[in-house]
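**Q** Sequences listed follow chains A and B, in order. Position 52 (the first sequence) corresponds to 455 in this note's numbering; numbering is contiguous. Position 250 (the second sequence) corresponds to 653 in this note's numbering; numbering is contiguous.
Calculated from the structure, these hints are not laboratory results. Just so you know, not all the hints are guaranteed correct.
Identical chains blur together in the list; that is why a pair holds if it fits in one copy or across any two.
[To be verified] Each computed SDA-like pair below joins lysine to any residue, with the alpha-carbon atoms no more than 25 Å apart:
1. K472 / T545
2. K592 / E848
3. K590 / V415
4. K590 / T648
5. K573 / M852
6. K573 / T897
7. K405 / S706
8. K590 / Y859
9. K405 / A623
10. K842 / D721
11. K571 / D834
12. K405 / R640
13. K573 / L819
2 protein chains.
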Amino acid sequence: MKHWRVDYDGPVANLYMDVDETAGLFEGYELKLNSYDLGVDIELADIVQRMRFEHPEVKVVVMRSAKEKVFCAGANIRMLGGAAHAHKVNFCKFTNETRNTFEAALADSGQNYICAVRGACAGGGYELALACNHIMLTDDSTSSVALPEVPLLAVLPGTGGLTRVTDKRKVRRDLADVFCSVEEGVKGKRALQWRLVDEVIANSKFDDTVAERAREFAAASSKPEVDRGIVLTPLSRQFSEDGVTYSTVEVSIDRTARRATITIAGPDTDTPADMDAFTTLGADAWMLRCARELDDAILHLRSNEDQIGLIAFQTQGDPEKVMAHEALLRSNADHWLANEVLQMWKRVLKRVDMTSRSLVALVEHGSCFAGPLAELLWAVDRSYMMLDAFDGDNRHLASITLSDGNFGLYPMGNDLTRLQTRFLGTPEQVDELRAQIGKPMEADEAEEMGLVTYAYDDIDWDDEVRLFMEERASFSPDAMTGMEANLRFAGPETMETRIFGRLTAWQNWIFQRPNAVGPDGALQRYGTGVRGEYNMQRV
Amino acid sequence: MKHWRVDYDGPVANLYMDVDETAGLFEGYELKLNSYDLGVDIELADIVQRMRFEHPEVKVVVMRSAKEKVFCAGANIRMLGGAAHAHKVNFCKFTNETRNTFEAALADSGQNYICAVRGACAGGGYELALACNHIMLTDDSTSSVALPEVPLLAVLPGTGGLTRVTDKRKVRRDLADVFCSVEEGVKGKRALQWRLVDEVIANSKFDDTVAERAREFAAASSKPEVDRGIVLTPLSRQFSEDGVTYSTVEVSIDRTARRATITIAGPDTDTPADMDAFTTLGADAWMLRCARELDDAILHLRSNEDQIGLIAFQTQGDPEKVMAHEALLRSNADHWLANEVLQMWKRVLKRVDMTSRSLVALVEHGSCFAGPLAELLWAVDRSYMMLDAFDGDNRHLASITLSDGNFGLYPMGNDLTRLQTRFLGTPEQVDELRAQIGKPMEADEAEEMGLVTYAYDDIDWDDEVRLFMEERASFSPDAMTGMEANLRFAGPETMETRIFGRLTAWQNWIFQRPNAVGPDGALQRYGTGVRGEYNMQRV
């Protein structure tokens, strides 16, 4: 790790941000004042993940800065100023997903994040703090929290900042308006009065109080005691010109058609006998390996393959084995590792939901869309399923098998299951599906039950799938992004969906506007001493 | 009216769309096939409003087309293609607000909109239908519903289309994906199966069935019987170079400072003795006159003054009189006209919430921020209040008076009151305020209770207010729009807030993207027979 350091101290982990300013991911900027770029955030995401698997003894993570006078200055402005629109948007999505994992750690596993702020904590820095559940601020003349994006940069605090100020901290809106308009931020008691932080502590007592609070939170934690974690061994992956090969996931790219196919191989081994056996397998166990590989594949396509507009999900394997591997974890959901693996599937599936590419599932013969893999059918924009036997195809007939897990283990960002979201207008269909748990449904039944969009036989399959893919590839990618962002999340909103759906959409708009990104805009002029030149038309 | 016709038939009104293709609001396009522009929608908004005040006997409005083979082709594409970004955005906001009034008519007054579709009903045409509560479709070869924006124009169905498909019609998301991808739309039984319409009826029986359904809905309506409405007489308004003067509202514009001040004059007459007296006054009654004038002033600034970044709200008058005028209506809320006037205040205040200008309230001496006018204090982004006597100012001391109405009569789009939204983190403060109903609160108390942002005395007032206004005027208007759209709507989301906050934000982004609006984009190329040329990068 270049930018972070963790000191483990029993149930408390001290997570120090210590960005190496010479180690930016790209050329052309220095990561001064603990400012960050995608590389810094990739390390952070990895730490948060490892904390859950490798350090299950940790009940409290204390986020702090290793720099003297600054907590964190936020996303690096020169990096943002130099980045293409697509990179900005992808960067923000990933950082948002990472911030959400702080809150997920508490909700999923009882691992609580607290933030000890000494020095300036501005923009993305304060957004890091906001993602923690308890914010402690040093009461001195240099320590403050701030969201200076609007006055300084003409962009939004887009890594959840505005949303967490109103919805998590529940700051009164006029005070939030003031707070987001002052470059220098808010200090001391006022920060407490305005609900921007939870505690303000004299500098002399700060370290002791932080340590005390960490111990208290740890003592109050309901997280079960676990001695020892497992190691998240390096992923097995091989990149080639046209794809990536993992142990359970194959990504193959058709650049002419602007399409990627992700094929997931079901388990090739029997279910581990019990959680001891599963723990011994650790990162090699299929349920964990597959989740990690799928996550990596999605992130790879998002970051490195922006000409790919469509991702087709396929599976191949034995559905019963998928069911059995999931069942071991479900029936041991109070085992820490079983819980962590299931929660990781939840997060990976949310990552799929949030991927702004058109998504389709192709339920072919020989496939294993069962349990967690079946979730992919309702994460995608539409699905095609093979009906009856295909000439010359001797794989087992395509089927879909539901598990108990499909009815609650993997909620979407809107806090509904994918089946609840899908059948928002006809909730009785969810009840009917419950009666089908464990029974493989072939295409006619799956279509009848509303689980897939289309079922086609041997005669029509190739043409229908090809026509769909060609049509999709001909549409404007921007219109697809907007359409999918609206159609995928029916029903209630949560802080999470508001961050991705409302805040992000406004930020993306602003990231297109000359006042922010034009040659005379605020992002380009930052640091020159000359303010951005604005078109004053209100839109 | 140029574009609409209404046939009144007792409790049923038949509203015919009959757009005059030669009568567009601007040059350069013809409103063919019942396509619409802002002018058509302004007439529609006026009709919907008048239906409630002038025709309270109407229980069911049947929306239909007066053209032979087309219901409505949606927003005029040449108009959109030629319009500046700001006009597109303002046009969409107004049309969205107008669609919402269809649903509000049922919720507020029991006036139900049903839509009788014969012929092609596409894009904004289907969005008109979606805003109605019951959609009847002719079962023939030319009648269909469609949202062809994405494939045809590379933009979204942004007048609530995507949101109402998922949240009101609750269409299964993969079917919604298919529906929004096919230019030709969906006909007949499939439209019914997919929940896109409520009834499909053979052409030969269509008119009879529509008439029958209208009678049934009218018979089932809980709307009270009212013989006769009141006339919404023309507004009294005078435009000048630097503002507009209405009878109760004064708009004065400072172009150099890019600021408008809206000053509302409280009632100069006593409260009408009872609802008979109020009804006799009709549109002259202060409560109705002021709401209509304020609404008009806001719309004027939005449409015609796009260089104005800040709107300052002021009031002058007797707070007790405002309280008394509102009290008459509140205590007669079961009287149809009292209800309509209060509901209109609700809508006008929502219009203020949705206005993308920075909003501030200046609570000066002599003001009357009471009851409905007090709502403005929490609709704005921040507020300043005069503290103690000012040298040479002999107006009554500034105060704020809450009424019962502030606790439920005027909910925001998120279905919370403005006070609930403001005190989302400290709901006990709302309870404490309840005890203050009817008691004028001066600045120190109002600030203490969290009702205003700042209270300043004679020494600081001018400087503080001036500094704020200057600072605000220096910020990027785009950043302000994005910030305010996020900070104003804390808490839960509704279909309404999702339309303005999520769908609109994505549409605004797309309205900036070359794939849609560039010289080779879909909007420009529409009608040339050549498809838009797209950058295929996915963002």
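**Q** Now look at each hint and say whether the structure bears it out.
**A** Against the structure, the hints:
Within a single copy, K472 and T545 get their C-alpha atoms as close as 7 Å, which meets the 25 Å cut-off; across copies the closest is 71 Å, which misses it. Taking the closest pair of Cα atoms, K592 and E848 come within 25 Å of each other only across two copies (21 Å); inside a single copy the shortest separation is 63 Å, beyond that limit. For the identical chains of this complex, K590 and V415 are neighbours neither inside a copy (27 Å) nor across copies (62 Å), given an alpha-carbon limit of 25 Å. When the C-alpha separation of K590 and T648 is checked against a cutoff of 25 Å, the pair qualifies neither within a copy, at 51 Å, nor between copies, at 45 Å.
Proximity of K573 and M852 under a CA criterion of 25 Å is satisfied inter-copy only: 17 Å between copies versus 42 Å inside one chain copy. Proximity of K573 and T897 under a CA criterion of 25 Å is satisfied in both settings, with 14 Å inside one chain copy and 19 Å between copies. For a Cα distance limit of 25 Å, the shortest separation of K405 from S706 inside one copy, 21 Å, qualifies, whereas the shortest one across copies, 53 Å, does not. Proximity of K590 to Y859 under the C-alpha cut-off of 25 Å is restricted to the inter-copy arrangement: shortest distance 22 Å between copies versus 64 Å within a copy.
Proximity of K405 to A623 under the C-alpha cut-off of 25 Å is found in neither arrangement, the shortest distances being 33 Å within a copy and 70 Å between copies. In this homomeric assembly, K842 and D721 come within 25 Å of each other (Cα to Cα) only inside a single copy, at 14 Å, whereas the closest approach across copies is 73 Å. For the identical chains of this complex, K571 and D834 are inter-copy neighbours only, at 21 Å across copies versus 33 Å inside a copy, given an alpha-carbon limit of 25 Å. Only within a single protomer do K405 and R640 lie at most 25 Å apart by alpha-carbon distance; the minimum there is 23 Å, versus 67 Å between protomers.
Taking the closest pair of Cα atoms, K573 and L819 come within 25 Å of each other both inside a single copy (24 Å) and across two copies (14 Å).
Checked against the numbered hints listed earlier, the structure breaks hints 3, 4, 9; every other hint is satisfied.
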